[in-house]
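A.B. asks: Using the hints, position chain B against chain A.
Quick mapping for you: the protein sequence lines, in order, are chains A and B. Last residue of the first sequence: 286 in our numbering, with the numbers rising by one and none dropped. Last residue of the second sequence: 530 in our numbering, with the numbers rising by one and none dropped.
Since the hints were derived computationally from the structure, they do not count as laboratory data. Any given hint could be a false lead.
Calculated from the model, a selection of chain A residues having no Cβ within reach of chain B, i.e. all distances over 12 Å [claimed, not checked]:
| hint | residue |
| --- | --- |
| 1 | VAL61 |
| 2 | ASP77 |
| 3 | LEU160 |
| 4 | ARG196 |
| 5 | VAL226 |
In silico DSSO-like pairs for lysine-lysine, Cα to Cα no more than 30 Å straight-line [to be verified]:
| hint | chain 1 | residue 1 | chain 2 | residue 2 |
| --- | --- | --- | --- | --- |
| 6 | A | LYS286 | A | LYS237 |
| 7 | B | LYS527 | A | LYS125 |
| 8 | B | LYS298 | A | LYS278 |
| 9 | B | LYS293 | B | LYS219 |
| 10 | B | LYS219 | A | LYS265 |
| 11 | B | LYS370 | B | LYS262 |
| 12 | B | LYS336 | B | LYS280 |
| 13 | A | LYS237 | B | LYS527 |
| 14 | A | LYS125 | A | LYS237 |
| 15 | B | LYS209 | B | LYS219 |
| 16 | B | LYS226 | B | LYS370 |
| 17 | B | LYS298 | B | LYS262 |
DEER-style ranges, computed between Cβ atoms [claimed, not checked]:
| hint | chain 1 | residue 1 | chain 2 | residue 2 | range |
| --- | --- | --- | --- | --- | --- |
| 18 | B | LEU143 | A | LEU182 | 20 to 28 Å |
| 19 | B | ARG166 | A | HIS199 | 22 to 30 Å |
| 20 | B | ARG166 | A | SER248 | 39 to 47 Å |
| 21 | B | ILE144 | A | ARG133 | 36 to 44 Å |
Backbone N, C-alpha and C define an ideal beta-carbon position, used for all residues, glycine too.
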Amino acid sequence: MAAPPPVSIVVVRDLSKIYRQGDINVTALNSVSLDIAPGEFVVLMGPSGSGKSTLLHIIAGIDQPTSGSAKVQGIDIARLNQSQLADWRNQNVGFVFQSFNLIPVLTAAENVELPLLLTNLSRKERRLQTQTALELVGLADRGHHRPDQLSGGQQQRAAIARALVTDPALIVADEPTGNLDAKSAADVLEILQSLTRTAGKTVVMVTHDPKSAAYGSRSLHLEKGELVNDAK
Amino acid sequence: MGFITDYIQLQKAKLAHERAFLHLLRWFSPLVWLDYLLRLIVRRFGLSYLTFIGISALRNQRRALLTIISVAVSCALLVTLLTLQRELTVPPESEAASLRIIARNKVSLAQPLPAKQLPIIEKIPGVVAVSPFTFFGGNFREETVTSFAQFAVDPVRFKDLIVEGHIAEGTYEAFIKDRTSCFVGADTMKRYGLKIGDKMRFTGTFYPVDLDLKIAAVFQGTVDDRGVFFHHKLLDELMGDPGTVGTWYLRVASAGVANDVIARVNKAFENSSAEVRAETERAFQMGFISMLGNVKLLIGSISAVVVFTLVLVTVSTMSMAIRERFRELAVLKALGFRRTELFSFILAESFGLAALGALVGIGGAWAFWTFMDLQKMTNGFLIYFEVTPRIMATGAVVAALLGIVSAIAPSLAVARTSVVEGLKTLD
Numbered sequence: 055m056a057a058p059p060p061v062s063i064v065v066v067r068d069l070s071k072i073y074r075q076g077d078i079n080v081t082a083l084n085s086v087s088l089d090i091a092p093g094e095f096v097v098l099m100g101p102s103g104s105g106k107s108t109l110l111h112i113i114a115g116i117d118q119p120t121s122g123s124a125k126v127q128g129i130d131i132a133r134l135n136q137s138q139l140a141d142w143r144n145q146n147v148g149f150v151f152q153s154f155n156l157i158p159v160l161t162a163a164e165n166v167e168l169p170l171l172l173t174n175l176s177r178k179e180r181r182l183q184t185q186t187a188l189e190l191v192g193l194a195d196r197g198h199h200r201p202d203q204l205s206g207g208q209q210q211r212a213a214i215a216r217a218l219v220t221d222p223a224l225i226v227a228d229e230p231t232g233n234l235d236a237k238s239a240a241d242v243l244e245i246l247q248s249l250t251r252t253a254g255k256t257v258v259m260v261t262h263d264p265k266s267a268a269y270g271s272r273s274l275h276l277e278k279g280e281l282v283n284d285a286k
Numbered sequence: 104m105g106f107i108t109d110y111i112q113l114q115k116a117k118l119a120h121e122r123a124f125l126h127l128l129r130w131f132s133p134l135v136w137l138d139y140l141l142r143l144i145v146r147r148f149g150l151s152y153l154t155f156i157g158i159s160a161l162r163n164q165r166r167a168l169l170t171i172i173s174v175a176v177s178c179a180l181l182v183t184l185l186t187l188q189r190e191l192t193v194p195p196e197s198e199a200a201s202l203r204i205i206a207r208n209k210v211s212l213a214q215p216l217p218a219k220q221l222p223i224i225e226k227i228p229g230v231v232a233v234s235p236f237t238f239f240g241g242n243f244r245e246e247t248v249t250s251f252a253q254f255a256v257d258p259v260r261f262k263d264l265i266v267e268g269h270i271a272e273g274t275y276e277a278f279i280k281d282r283t284s285c286f287v288g289a290d291t292m293k294r295y296g297l298k299i300g301d302k303m304r305f306t307g308t309f310y311p312v313d314l315d316l317k318i319a320a321v322f323q324g325t326v327d328d329r330g331v332f333f334h335h336k337l338l339d340e341l342m343g344d345p346g347t348v349g350t351w352y353l354r355v356a357s358a359g360v361a362n363d364v365i366a367r368v369n370k371a372f373e374n375s376s377a378e379v380r381a382e383t384e385r386a387f388q389m390g391f392i393s394m395l396g397n398v399k400l401l402i403g404s405i406s407a408v409v410v411f412t413l414v415l416v417t418v419s420t421m422s423m424a425i426r427e428r429f430r431e432l433a434v435l436k437a438l439g440f441r442r443t444e445l446f447s448f449i450l451a452e453s454f455g456l457a458a459l460g461a462l463v464g465i466g467g468a469w470a471f472w473t474f475m476d477l478q479k480m481t482n483g484f485l486i487y488f489e490v491t492p493r494i495m496a497t498g499a500v501v502a503a504l505l506g507i508v509s510a511i512a513p514s515l516a517v518a519r520t521s522v523v524e525g526l527k528t529l530d
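Here chain A stands alone, though its shape is the one from the complex (with noise of 0.2 Å):
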């Protein structure tokens, strides 16, 4: 007997998002549709003003479509209003950025435990599941660090802690490397690349850069808002 197909974490279906720039309107998705399984390791590719970043965001639920659906985890996001997808995000989505954006007056440990005042996790349970992300990226010993105090590849690995302290299915990256040299990006990307392995985790990654979407278990490429291949 054949294994069920795995049901996918990411539905998205006829998905469009047009822009309005003074008296113009800006596709920047045009009838998009794609699903993503629990464990992939999707990467996002595409020229400048593709729509990659903008189906990432809608994916990660920072901004709505004009028309289409866009499911994660069974829940259309286009539907929640502006608290119940702060809660949901918070819950299912970590994000990734390309330039860190640590807050930078708390220490890495800090910056770690940020997204987990929203939970009803005791102080105690915050510190272990903070310390636990850390040591996962390889910086239990950089903690009290401010981000000033740390290299860039040792932010980003601290912003990966961020993103995986409360246990999210989705970890969603936007270009993650574009500020790190190769050695750092090369750890980053591996980190990434665990996650989906070890861990389940889902990992939707836009990047520019082939070296770095080789590290992905599938590219999709979108050109003007389409999606014109998908390569696993």
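C.D. replies: The following block gives chain B in isolation, referenced to the frame of chain A:
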């Protein structure tokens, strides 16, 4: 090229010294200590909303300090203005003041009353004591403006009008006996370094005569320990016995009969050549104050300008502080913080800075006006300058509202900006 290397080394050493000095200087700022304390708390107890807000608010300590100082100075100014308004429009109350009545010429305070009215007033039921009370308005020594008043009284009758304060035993009798002596308030004695037996010379401004008086007695413990009282007979002699007095000063048996006595005094001289207007001491003082103009409106207007300026300064500071952190707030939104939570952060930060400013400003104003030698500072113009709990509460409410108002604009901006737009903002 050696001299260039030497020069660079020298500049580096100078820079290192300057940095070390500035680093040392930082520790004199209370905000550095507060930040340090917050970080200790976080390290010991973990991150919480409160510590996160505190650390965020103190990230730019120079701006936080300047905001606190601007709120503090404005609050101190506001409290001072409100206190000044109160002092100028609400004369100090004493229990005895409700028992005293001043009767003046109905036409004007400047018009004298006939001395022959005395026996008529004395016979009015409820009147316990009555004395002539004539404002001399002279300048002491070489002063061009003397801030304490001098009054000509009947020393024997005047003693019955004094129901408060303290007079050294036996000294008042000496005042009664000597026609050229005077009875002086302790504050004036202290201010001019006078002692019993000293001479006081006054140059007349209303009256074309000068006074040479000898201090015989001193009083203290009244609402106003500044006045100088001397024999009316002396003034009469110097003026060629005109048979007039400035006003009549009365004491009634109880506060309950005061209104009745006022009505009777007014009625007693109705349709005479010198009609009288009697009123309580407090009402008389209020009438005197009204001659200064609409003090309440003037000070109220200045206070409003102070508050308005304060609002502008704080709103602009908070807007700048939040605009700088738009990207960070967008990240917080992405992490799952709701708009209400972000609003709470901004409100708490703004409120906290305003509260710290208010604490320093209102507390400082209270301490300053409570422990300063006000008479010396105002050249005797003010004797009391009490920063009341009500005034302090008003200052605190203004600061609290300020904290709320200044959080509204940045909160709306944050609420309106989407995560994506926020993330695009430059740091």
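A.B. asks: Would you mind marking each hint as holding or not holding in the structure?
C.D. replies: Results for each hint:
no., hint, result
1, VAL61, "holds (24 Å)"
2, ASP77, "holds (20 Å)"
3, LEU160, "violated (7 Å)"
4, ARG196, "holds (15 Å)"
5, VAL226, "violated (10 Å)"
6, A:LYS286 / A:LYS237, "holds (25 Å)"
7, B:LYS527 / A:LYS125, "holds (25 Å)"
8, B:LYS298 / A:LYS278, "violated (99 Å)"
9, B:LYS293 / B:LYS219, "violated (38 Å)"
10, B:LYS219 / A:LYS265, "violated (115 Å)"
11, B:LYS370 / B:LYS262, "holds (27 Å)"
12, B:LYS336 / B:LYS280, "holds (12 Å)"
13, A:LYS237 / B:LYS527, "holds (27 Å)"
14, A:LYS125 / A:LYS237, "violated (35 Å)"
15, B:LYS209 / B:LYS219, "holds (16 Å)"
16, B:LYS226 / B:LYS370, "holds (13 Å)"
17, B:LYS298 / B:LYS262, "holds (21 Å)"
18, B:LEU143 / A:LEU182: 20 to 28 Å, "holds (21 Å)"
19, B:ARG166 / A:HIS199: 22 to 30 Å, "holds (25 Å)"
20, B:ARG166 / A:SER248: 39 to 47 Å, "holds (43 Å)"
21, B:ILE144 / A:ARG133: 36 to 44 Å, "holds (41 Å)"
In this structure, the earlier hints numbered 3, 5, 8, 9, 10, 14 are contradicted, and the remaining ones agree with it.
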